[in-house]
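Make a model of the complete structure from these sequences and hints.
Counting in this note's numbering, the sequence shown runs from 4 upward without gaps.
These aren't lab readings, by the way, just hints derived from the structure by calculation.
Only true hints are included.
Derived CB-CB ranges, DEER-like:
no.: 1; residue 1: Arg-74; residue 2: Asn-46; range: 13 to 21 Å
no.: 2; residue 1: Lys-107; residue 2: Pro-85; range: 19 to 27 Å
no.: 3; residue 1: Val-54; residue 2: Arg-78; range: 16 to 24 Å
no.: 4; residue 1: Gly-19; residue 2: Gln-103; range: 31 to 39 Å
no.: 5; residue 1: Lys-31; residue 2: Val-106; range: 19 to 27 Å
no.: 6; residue 1: Ala-124; residue 2: Lys-61; range: 33 to 41 Å
no.: 7; residue 1: Gly-114; residue 2: Arg-94; range: 17 to 25 Å
no.: 8; residue 1: Cys-29; residue 2: Val-64; range: 33 to 41 Å
no.: 9; residue 1: Lys-31; residue 2: Gln-100; range: 20 to 28 Å
Result set (BS3-like, lysine-lysine): computed pairs, CA atoms no more than 30 Å apart in a straight line:
no.: 10; residue 1: Lys-107; residue 2: Lys-122
no.: 11; residue 1: Lys-61; residue 2: Lys-115
no.: 12; residue 1: Lys-70; residue 2: Lys-82
no.: 13; residue 1: Lys-57; residue 2: Lys-115
no.: 14; residue 1: Lys-81; residue 2: Lys-115
no.: 15; residue 1: Lys-115; residue 2: Lys-82
no.: 16; residue 1: Lys-107; residue 2: Lys-86
no.: 17; residue 1: Lys-70; residue 2: Lys-86
no.: 18; residue 1: Lys-107; residue 2: Lys-61
no.: 19; residue 1: Lys-61; residue 2: Lys-81
no.: 20; residue 1: Lys-115; residue 2: Lys-58
no.: 21; residue 1: Lys-81; residue 2: Lys-31
no.: 22; residue 1: Lys-107; residue 2: Lys-82
no.: 23; residue 1: Lys-81; residue 2: Lys-70
no.: 24; residue 1: Lys-70; residue 2: Lys-122
no.: 25; residue 1: Lys-61; residue 2: Lys-31
no.: 26; residue 1: Lys-107; residue 2: Lys-57
no.: 27; residue 1: Lys-107; residue 2: Lys-58
no.: 28; residue 1: Lys-81; residue 2: Lys-58
no.: 29; residue 1: Lys-122; residue 2: Lys-86
no.: 30; residue 1: Lys-31; residue 2: Lys-70
no.: 31; residue 1: Lys-31; residue 2: Lys-58
no.: 32; residue 1: Lys-70; residue 2: Lys-57
no.: 33; residue 1: Lys-82; residue 2: Lys-122
no.: 34; residue 1: Lys-115; residue 2: Lys-86
no.: 35; residue 1: Lys-82; residue 2: Lys-31
no.: 36; residue 1: Lys-70; residue 2: Lys-58
Heads up, the beta-carbon is just placed ideally off N, CA and C, and yes, glycines get one too.
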Amino acid sequence: MKSNGFPRFSRLLDAGDFRYVFDNNCIKSSNRYFLLLATVSRNNTPRIGFVFSKKNIKRAVDRNRIKRISREFFRVHKKNLPKLDIVVLARSGIANQNNQFVVKQLDYLFGKLQSNYDKRAQP
Numbered sequence: 004m005k006s007n008g009f010p011r012f013s014r015l016l017d018a019g020d021f022r023y024v025f026d027n028n029c030i031k032s033s034n035r036y037f038l039l040l041a042t043v044s045r046n047n048t049p050r051i052g053f054v055f056s057k058k059n060i061k062r063a064v065d066r067n068r069i070k071r072i073s074r075e076f077f078r079v080h081k082k083n084l085p086k087l088d089i090v091v092l093a094r095s096g097i098a099n100q101n102n103q104f105v106v107k108q109l110d111y112l113f114g115k116l117q118s119n120y121d122k123r124a125q126p
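As structure tokens, then:
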């Protein structure tokens, strides 16, 4: 299997996984376009799930584009991420932005998430 793949064990798959992150999130990172919630993973790998609602991103083509960009960003950068379960929530306005802007926002937020995790891990 490719090390840069996006296998099932790298995804939050069912409602229980999402509920666990929503109920136990201890690390947050946000800006105008995204909110990232994370908790220490019960598995030994970083995992990710997406919540892109029709209320915030009206057109399906835009939801799918943002989802595709977000998945690809996670797939490429997961080896540098701590062992966290992460939920990415999109906010309104992101659909109007181009792909490079979306990647830039994700890079910033995942960097913030990493630094928040590092601060939390220090005694």
